[in-house]
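Line by line, the protein sequences are chains G and C.
All letters in the first sequence, in the order written, are residues 1 to 204 by the working numbering.
All letters in the second sequence, in the order written, are residues 1 to 204 by the working numbering.
In case anyone wonders, no lab produced these hints; they're calculated from the structure.
Check before you lean on any hint, since a few could be wrong.
The list treats identical chains as interchangeable, and a pair is accepted whether it falls inside one copy or across any two copies.
[What the hints assert, rightly or not] Computed list of lysine-lysine pairs in BS3-like fashion (alpha-carbon distance at most 30 Å, straight line):
| id | residue 1 | residue 2 |
| --- | --- | --- |
| 1 | Lys18 | Lys134 |
| 2 | Lys134 | Lys58 |
| 3 | Lys114 | Lys134 |
Protein chains: 2
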Amino acid sequence: MRISELSNRSGVSVATIKYYIREELLPPGHLTAARQAEYDESHLRRLRLIRALIRIRKLSVNTTRDVLRALSESADTHLVLGHALGAIRATDDGAAGAERSPDVDALVEAMRWKVHDDAAARSTLAETLEALRKLGLPFHWTALLPYARLAEETARLDLDQLEGVTDPLDLAEQAIVLTVVLEPALLALRRMAQEHESALRHGD
Amino acid sequence: MRISELSNRSGVSVATIKYYIREELLPPGHLTAARQAEYDESHLRRLRLIRALIRIRKLSVNTTRDVLRALSESADTHLVLGHALGAIRATDDGAAGAERSPDVDALVEAMRWKVHDDAAARSTLAETLEALRKLGLPFHWTALLPYARLAEETARLDLDQLEGVTDPLDLAEQAIVLTVVLEPALLALRRMAQEHESALRHGD
Chain G
1 MRISELSNRS GVSVATIKYY IREELLPPGH LTAARQAEYD ESHLRRLRLI RALIRIRKLS
61 VNTTRDVLRA LSESADTHLV LGHALGAIRA TDDGAAGAER SPDVDALVEA MRWKVHDDAA
121 ARSTLAETLE ALRKLGLPFH WTALLPYARL AEETARLDLD QLEGVTDPLD LAEQAIVLTV
181 VLEPALLALR RMAQEHESAL RHGD
Chain C
1 MRISELSNRS GVSVATIKYY IREELLPPGH LTAARQAEYD ESHLRRLRLI RALIRIRKLS
61 VNTTRDVLRA LSESADTHLV LGHALGAIRA TDDGAAGAER SPDVDALVEA MRWKVHDDAA
121 ARSTLAETLE ALRKLGLPFH WTALLPYARL AEETARLDLD QLEGVTDPLD LAEQAIVLTV
181 VLEPALLALR RMAQEHESAL RHGD
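Kindly generate the complete structure, drawing on both the sequences and the hints.
Structure (structure tokens):
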């Protein structure tokens, strides 16, 4: 298809498509004449993925490029998921430099979780606990154990969805959906459940 | 205490404290002389809360002001939690204008949740589902049911922590911690659990 059709079908303007190509988020079309390029379904699919990352997750163009690049380099489920999780690191700027936390170590140990020492999520968690402590509202790591158990059940649901997906591009897309795109939806579910539970207990 | 001591104890610079006072995030100190103001523990506490919202949740100064104002206007648990949840709306810019979604209605109905029609979380969820559909990776609302059940269990844990808190300022702080500050920690737990679960199933 021509770039105009790609634009129509994706809802992304021609100027923005050209910008994504210049920024190496989207591969260029196949040249069919000096100033004429053809695009296919893979371009459309990738364009939609880019829009999801930028619009829903508010990732920067640079982070989006890193995520897509990491995912395209692997076809192994564990590696692809690892890349998707690793790429989120760039969105957790504040946590990147955090120090090792004994509390987080204790939690991971108690859950018997196999998690890399340099996982960005460790720093995010440590930073939140530290901030709460400074706030005068300490949250002991053992208070997080019931939350960690629910997180484990959620992760099992997540991984269930990747079972049977073998095509590398499908796998990469699903991994991004599960790790990055679904996060706002899960937080939204929790907020609705909080409203409901609050109404049950304290509403009139 | 003087502003210099408030700065030392909070770790926030004098210039930043003065900025927060000008922006009406922090009440001014009590004047004891023409150019001399006294601050107390409530200032210190509020300053820590402001830092948590701005640093951990990356809220803007304007949103932080809205959150604090909404919370200070109520002493009723359900209302305070509602205000804390409502204030997050401002951080969900993209979702604010979203239309009513039959899928979200169906989910809320199936869960028998009591959730306001104009809850920001509804829009966030609808937007995510719509984006996934456009992505060619439709996620039927029934696939979200097990996630919704886990969200409900999480919300029960959340509300358990508010039981017995009667002081209005304590209640406001706890509600902010549970709704806003804890979110990155919960996502971090899920990411660690995903890494663990992925290693269990596909690791070597």
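Evaluated hints:
| no. | hint | in the structure |
| --- | --- | --- |
| 1 | Lys18 with Lys134 | between (47 Å within a copy, 20 Å between copies) |
| 2 | Lys134 with Lys58 | both (29 Å within a copy, 17 Å between copies) |
| 3 | Lys114 with Lys134 | within (29 Å within a copy, 35 Å between copies) |
In the structure shown, no violation is registered for any of the earlier numbered hints.
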